[in-house]
Amino acid sequence: MFKILEANELATNIFQMIVEAPRVADACLPGQFLIIRVDDEGERIPLTICDYNREKGTVEIVVQAIGAETYKLSKLKAGDELADVVGPLGKPSDLCEMSVEELKKKKIVFIAGGVGTAPVYPQAKYLKELGVDCDVIIGAKTKDLVILEDRFKEVCNLHITTDDGSYGRSGMVTKALQDLWDEGNKYDHCVAIGPMIMMKFVCKLTQELGIPTVVSMNPIMVDGTGMCGACRLTVGGKVQFACVDGPEFDGHKVDFDQAMNRMKLYKTEEGRLFLKAQEGDTHHGGCGNCE
Amino acid sequence: MDGFVRVPVREQDAKVRATNFEEVCLGYNKEEAEKEALRCLNCKNPQCVQGCPVSIDIPGFISKVKTGDVEGAYQTISKSSALPAVCGRVCPQESQCEGKCIRGIKGDAVSIGKLERYVADTARELGIKPEGAKEKKGKKVAVIGSGPSGLTCAGDLAKMGYDVTIFEALHEAGGVLVYGIPEFRLPKTAVVKKEIENVKSLGVKLETDVVIGKSVTIDELMEKEGFEAVFIGSGAGLPRFMNIPGEQAMGVFSANEFLTRSNLMKAFDENSRTPIMRPKKCVVVGGGNVAMDAARTALRLGAEVHVVYRRGEEELPARKEEVGHAKEEGIIFDLLTNPVEIHADENGWVKGITCIRMELGEPDESGRRSPVEVPGSEFEIECDAVIMSLGTSPNPLISSTTQGLEVNRRKCIVAQEDNGQTSKPGVFAGGDAVTGAATVILAMGAGKAAAKGIDEYLSK
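Residue numbers (this note's numbering), protein chains in the order written: chain A, 3 to 293; chain B, 29 to 488.
Please keep in mind that the hints were generated in silico from the structure rather than gathered at the bench.
Keep in mind that this is a model prediction, so the values were computed, not measured.
A portion of the hints provided could be inaccurate.
[Said to hold, decoys possible] Pairs of lysine-lysine, DSS-like flavour, derived with a Cα cap of 30 Å:
| no. | chain 1 | residue 1 | chain 2 | residue 2 |
| --- | --- | --- | --- | --- |
| 1 | A | K266 | B | K308 |
| 2 | B | K439 | A | K255 |
| 3 | A | K93 | B | K309 |
| 4 | A | K74 | B | K216 |
| 5 | B | K168 | A | K5 |
| 6 | A | K269 | B | K216 |
| 7 | A | K269 | B | K294 |
| 8 | A | K93 | B | K222 |
| 9 | A | K266 | B | K309 |
| 10 | A | K240 | B | K439 |
| 11 | B | K294 | A | K74 |
| 12 | B | K222 | A | K5 |
| 13 | A | K240 | B | K309 |
| 14 | A | K5 | B | K452 |
| 15 | B | K222 | A | K266 |
| 16 | A | K74 | B | K221 |
| 17 | A | K58 | B | K168 |
Generate the whole structure from the sequences, applying the supplied hints.
Next up, the structure:
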């Protein structure tokens, strides 16, 4: 069992937790992810790692309650335990392979969308610790959904944009990127993490601007260790497994339309389970919403 | 002619079992087992033992069954095998022990597998445990993977007195026994869990949720955590696909995914929180045991199932018993047939598959006649799901993170057959990680050989 030390709601439906998982904390690097199970009957859910503390043996996760399992997870409090935490999974970010000199020569921009803001944080923090500057664009629907702002400010040049213009710049992340580019920020390396649709459009723009772009893919997974093949994607015309070949890929080579389509695979069934979890004992299927 | 025919084993009726996940084979009772045991001639030079990858003293345990001494029979088997209830169910006995039985020359071979199962099941009901080590050696050995090879290796080492820890990547121990082989062939709670508990009762520690190569490396286990030897039994790897058009459509699964959802995550149960697609008409591509498992699982989830295999009936790599069971349950075999393209509807869901007829040509390197396409023979099968069961390619997690561990051209770990020794001192390997996808019992044989190899290495 893996103890939850802290649990907070960062924004509506977005939760942050600090969990004891010494092996993961000891080994993880920016770009990797983990899999948890809420309880003994739980589904295996892949989550990004937002931060880690090797001395304390803890990892920080940020999760949006969007399905039955994440909803159950969001109800847990400090002192509760998770049945399983396994990781780190996937390959570390390419940035971890580069020397400080190489990194310093680059002009790096991160583009973070929604809850995808969380996995960008350890990458920006990693660069900061090496003395490398970077820009981060955080995009959110509205002001209340902007997360981790204070922590980002300490590690990067932060640009916030909201779809409804309620905070920071106004519009989508693609607009913010274009504006920053036009303002003279000639980036030569982009990392985009967020909803697939966001990553798709960021890649479209960076292709036009000629900025090499890395994306972090989050397809459906089961085991997460290269056994089941559920997370397969087409990258550059070849089948790749997000769990062992990724999760980061060359965004200009990813077939996003196919990946987004595959995300629909269990939608109806998942929605049904989510309603069941939300409604608890009162769920009887009678209203027909779950059908 | 009593002696020539084996005592038949009771099975769930095919029509009934096609709709449930209960075990197909019901096993022998005491009377049936003792009657079948009497057919064993107790040969002086028993061929059956030579046919067994873990060299169980077969006539020895059968002679104890004859006298009703189940405990004695169980301890005899336990000297060689840590998982008798599993082996009695999933070993290909017809090509191993039973294939060599003298009785089989004129009539039926002794039903060794069913007798082994009877002994293991009865011992479990009676609460009989395997005998552990009398003295501890005070040396730590790490076993990577809790599948058949890892459990066998760990059990044998613990019996010799080593301090053994098994590291398992998934949340549950058992490897392919829990994620791969379905409930109706191998019950998880009643059989697999109990056999794992038996291994643990020998003093073996188990740490789940540890991915070796990610959470911790082999070098770290040896340098920082004090393990003096390591056995790698990490199993097969990434599922293979055909690379034909349409393979990314929704409704195309690897057999590994489909079976993992159903077996490990219990998605066959409506109350499971892990979803699974319940196809109406499903095509399973491949002819091995895994294909049979996937096909029979899909059938039980309510589908009409077609097995599409490019060679003929004779060449089906699956066990005869599995093919027979599948046919009885109503699975349709489209043999000498190969998929060409998968078609999706406008929403991206599978709606059909184009196949082509094949004929057998000259034998290839494997000795099997290689299938050749019959030009112009394409035809379509309407379906809403396709399950690819084409084997696996090795998982690079361990080989890519362990210094000095040699792999071969197929990326399998190189290990000596007789003792499991790899190119790295103190590191041994066996099972599918070395051979590529094979059988439970071969993996157990490799685990056993490696336990002996590790003991020799650490006794130097």
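Please work out if K439 of chain B and K255 of chain A have their alpha carbons no farther apart than 30 Å. holds (26 Å)
Given the hint that K93 of chain A pairs with K309 of chain B, test it: the Cα-Cα distance must not exceed 30 Å. Distance ~38 Å between K93 of chain A and K309 of chain B Cα, so the pair is violated.
With the threshold set at 30 Å, check whether the alpha-carbon distance from K74 of chain A to K221 of chain B stays at or below it. Holds, at roughly 27 Å.
Under the criterion that the straight-line Cα-Cα distance not exceed 30 Å, is the pair K240 of chain A, K439 of chain B satisfied? holds (19 Å)
Take the C-alpha atoms of K269 of chain A and K294 of chain B, compute the straight-line distance between them, and say whether it is at most 30 Å. holds (19 Å)
If you draw a straight line from the CA of K74 of chain A to the CA of K216 of chain B, is it 30 Å or shorter? holds (26 Å)
Verify the proposed pairing of K222 of chain B with K5 of chain A, using a straight-line Cα cut of 30 Å. holds (28 Å)
Compare the distance between the alpha carbons of K168 of chain B and K5 of chain A with 30 Å, and conclude whether the hinted pair is satisfied. holds (28 Å)
If you draw a straight line from the CA of K222 of chain B to the CA of K266 of chain A, is it 30 Å or shorter? With Cα atoms ~38 Å apart, K222 of chain B and K266 of chain A exceed 30 Å; violated.
For K58 of chain A and K168 of chain B, compute the direct alpha-carbon distance and say whether it is at most 30 Å. OK: K58 of chain A and K168 of chain B at ~26 Å, within 30 Å.
Given the hinted pair K93 of chain A and K222 of chain B, is their alpha-carbon gap at most 30 Å? violated (36 Å)
Does the alpha-carbon distance linking K294 of chain B and K74 of chain A stay inside the 30 Å limit? holds (19 Å)
Comparing the model with each numbered hint stated earlier shows that hints 3, 8, 14, 15 do not hold.
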